Amino acid sequence: MLRSSARTASLAVLASCAVVAVSAPEAAGAATIGSPKVLKAGQKLPIDFVTGLRRGRPIPRGHEVISRTVALGPRETTELRMRCRSTAPRIRTLGFPDGPSELGFVVVRPRRYAGRREVRIRVYLAPDVREEGARGIAYVVCRKARR
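Under mature numbering (1 follows the signal peptide of the UniProt record, and there is no 0), the letters of the sequence shown match residues -30 to -1, 1 to 117, in that order.
Rather than coming from a laboratory, the hints here were simulated on the basis of the structure.
Don't take each hint at face value.
[Stated by the list, open to error] Taking lysine-lysine and the BS3-like style, the derived pairs with C-alpha atoms no more than 27 angstroms apart in a straight line are:
| # | residue 1 | residue 2 |
| --- | --- | --- |
| 1 | K114 | K7 |
| 2 | K14 | K114 |
| 3 | K10 | K114 |
[To be verified] Label pairs and their computed distance ranges (CB to CB):
| # | residue 1 | residue 2 | range |
| --- | --- | --- | --- |
| 4 | R25 | R92 | 23 to 31 angstroms |
| 5 | D98 | G22 | 27 to 35 angstroms |
| 6 | R100 | R55 | 16 to 24 angstroms |
| 7 | P6 | V76 | 16 to 24 angstroms |
| 8 | P80 | E101 | 29 to 37 angstroms |
Since the model is a prediction, treat every value here as computed from it, not as a measurement.
Each residue gets a CB set at the ideal place from its N, CA and C atoms; glycine is no exception.
Hey, can you work out the whole structure from these sequences and the hints?
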């Protein structure tokens, strides 16, 4: 049984990751990870993030949101690397959308990712879609380092 602080930390990690289910992948086979897409300051936030960044509001100055599409076939898992760019080199948070998701995730390393440049996330299928596969989007919010 986890101690209370460890349990709280585990729940915080789960509540701070973003993987949005979209639809089943077109074909079975190897996991597909799309190239990173960058939303810059002033563009609209795609989802709500734990840090108070709300969907539909503009991305704050000095921040970027990087997204990657992930498609998993039946019974697949994969490891996804989310990396911040040099214009906003530090991770602020990962986000988690409201509602159920067809994809699950676990932060592999580093466990304390805030302020780091890169985080690795293991992506897996939820039990109810394990036989069909699913597609989703992972998000990370990056910011310029504070001086």
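To see whether the hints hold, each was checked on the structure:
1. K114 / K7: holds, 18 angstroms
2. K14 / K114: Holds - the C-alpha atoms of K114 and K14 are around 18 angstroms apart, at most 27 angstroms.
3. K10 / K114: Satisfied, since the Cα-Cα distance of roughly 12 angstroms is no more than 27 angstroms.
4. R25 / R92: 23 to 31 angstroms: At roughly 25 angstroms between Cβ atoms, R92 and R25 fall inside 23 to 31 angstroms, so the hint holds.
5. D98 / G22: 27 to 35 angstroms: Taking Cβ atoms as reference, D98 and G22 lie about 31 angstroms apart, which means the hint holds.
6. R100 / R55: 16 to 24 angstroms: Violated, since R100 and R55 (Cβ atoms, about 34 angstroms apart) do not stay within the stated range.
7. P6 / V76: 16 to 24 angstroms: holds, 20 angstroms
8. P80 / E101: 29 to 37 angstroms: holds, 33 angstroms
Violated hint: 6 only; the structure is consistent with all others.
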